[in-house]
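This is what each chain is made of:
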Amino acid sequence: MTPRFAPGARLHHDRARDRWVVMAPERMFVPDETALEILRLIDGTLDLDGIIDALAKKFDAPRDVIATDVRAMAEDLRARGVLLG
Amino acid sequence: MNAPLALLAELTHRCPLRCPYCSNPMELSRAAQELTTEEWTRVFQEAAGLGCLQVHLSGGEPTARRDIVEITRAAHEAGLYTNLITAGVLVDPSLMERLRAAGLDHVQLSVQDADPAGAERIGGMKGAHARKEAAARLVREAGLPLTLNAVVHRQNLANLPLLIDTALAWGAGRLEVAHVQYYGWALANRDALLPTREQLDEATRVVDAAREAHRGRLLIDYVVPDYHASRPKACMGGWGNRFLGVSPAGRVLPCHAAESITGLVFPNVRDVSLREAWYDSDAFNRFRGTGWMPEPCRGCDRAERDWGGCRCQAFALTGDAAATDPACSLSPHHGLLAAAVDQAGAPEFRYREFRREPV
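Heads up: the sequence lines are chains P and V, in that order.
Numbering-wise, the numbering used here puts 42 at position 42 of the first sequence, and it's gapless, one number per residue.
For the numbering used here, count along the second sequence from 1 and bump the result up by 1000.
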């Protein structure tokens, strides 16, 4: 499963407030740290397992712990219409 | 003081439709007064610099401007998320493709009713409904996300289930079901538009059921009407708190209806920067925060949640823009709303139109 941004959704750097925001049709929100780590890795080619591997390595954390967090967050972002796939 | 998050760019008041609840002011600006492409480009750059993240390209009908593609590109290049708010009747395949290529992010398409005859009576334009359906197809073919915006009221609420079907059939990912808000043209048509309590309750039930039935496929945003409320809405998230608008003639507004409040002088982008308008103008500071509030808002634990409600509605109904919004049950004027509901039921509209030139 390869997550990608839904049409009209993207990550945007809010320069004025020095933070990242998710922009989507007529809504915007500030992602939490876990969501942001995932969203920054979405490039339309890396699948969910690849994202889990990358974050397990980056945070030097057990893969199963990272996997639980990433899968839950990806599901939440899908439900909010930000991600497809 | 917060920086603004969103800019409403009202590019023109020209529109082929004549909806009797139009949010434009009664006194419409003519084409000769409109800001130029270059002036809008500067507005977008200043808005982005000020902290705005998105722009709503609106009107009137924004595609009535011949430079709509250049304007869209300028907003995109300024770094703003671009949302086109359109009636769709002027959109052809070539324009849609050029808008997409210019960086358009999203389209919000209005629909006046689910059945063409009703839609065309309400919008006051023959043939509009079929053109809107064609525009929806063009938006989808361009790969852009589509929101359908259905303004609902006494004369089309019976068709709300069909409006939801229309959103699904036209491929919208999002539907706004927005009850009319009563200022300007809509206030002049209040007797024809105000729904009954039974209509409102049924609409709320229909929306709740549709949200459940179409979860994951259609997102439904629901704007409820003040006239049956006991607490006011947090209009604009607070005056001068998150939002600014620029009118076709360049006036900088805390709310698109703010010009209905007489006695306020709005800064113009032809005279001042957006930054000066936002931070320093009397108009933006007049109702900012809570310091201006009279009783019963003063000291109310909801003061920073609803910001005293809508200034335009307070002015329209009480003659005092600093009064508590009569939508609040604590307002001494709250009874005006129930009285208006009791009085409603007129069949005919007064359509939106440019004021006739004196002979």
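Honestly, I wouldn't trust all of these hints.
To be verified - Residues of chain P clear of chain V, computed beta-carbon distances all greater than 12 Å:
1. 14
2. 23
3. 64
Claimed, not checked - Coverage of chain V stretches by chain P, computed from C-beta distances (three or more under 8 Å per stretch; other residues unrestricted):
4. 1011-1023
5. 1099-1109
6. 1143-1150
Said to hold, decoys possible - Listed next, with one range per pair, are the computed distances between beta-carbon atoms:
7. P:65 to V:1296: 48 to 54 Å
8. V:1214 to P:49: 37 to 43 Å
9. P:28 to V:1201: 49 to 55 Å
10. P:63 to V:1305: 40 to 46 Å
11. V:1303 to P:28: 22 to 28 Å
12. V:1289 to P:69: 36 to 42 Å
13. P:28 to V:1217: 50 to 56 Å
Think of the hints as simulated: they come from the structure by calculation, not from any bench.
Quick caveat, the model's predicted, so the values are computed rather than measured.
All C-beta atoms in this analysis are idealised placements derived from N, C-alpha and C, irrespective of residue type, glycine included.
Against the structure, the hints come out as follows:
In this structure residue 14 (chain P) is not separated from chain V by more than 12 Å, as the shortest Cβ-Cβ distance comes to only about 6 Å. Some Cβ of chain V comes within 12 Å of the Cβ of residue 23 (chain P); the nearest lies about 5 Å off, and the non-interface call is violated. With a least CB separation of 27 Å from chain V, residue 64 (chain P) remains clear of the 12 Å interface cut-off, as annotated. Remark: the segment 1011-1023 of chain V is not confirmed as covered by chain P, as 0 of its residues place a Cβ nearer than 8 Å to a Cβ of that chain, below the required three.
Given as covered by chain P, the segment 1099-1109 of chain V passes the check, having 3 residues with a CB less than 8 Å from a CB of that chain where 3 are the minimum. Restraint check on the segment 1143-1150 of chain V versus chain P: 4 residues with Cβ-Cβ distances below 8 Å, three needed, restraint holds. For the pair residue 65 (chain P) and residue 1296 (chain V), the supplied restraint of 48 to 54 Å holds, since their beta-carbon distance comes to about 52 Å. Checked against the hint of 37 to 43 Å, the C-beta distance between residue 1214 (chain V) and residue 49 (chain P) comes to roughly 31 Å, which is inconsistent with it.
The hinted window of 49 to 55 Å between residue 28 (chain P) and residue 1201 (chain V) is violated, with their beta carbons roughly 32 Å apart. Between residue 63 (chain P) and residue 1305 (chain V) the CB atoms are about 43 Å apart, so this pair conforms to the stated range of 40 to 46 Å. About 25 Å separates the C-beta atoms of residue 1303 (chain V) and residue 28 (chain P), a value consistent with the hinted range of 22 to 28 Å. Distance hint for residue 1289 (chain V) and residue 69 (chain P): a CB-CB separation of about 39 Å, consistent with the stated range 36 to 42 Å.
As the Cβ distance of residue 28 (chain P) to residue 1217 (chain V) is approximately 22 Å, the hint placing it in 50 to 56 Å is violated.
The structure does not agree with the numbered hints 1, 2, 4, 8, 9 and 13 stated previously, though it agrees with the rest.
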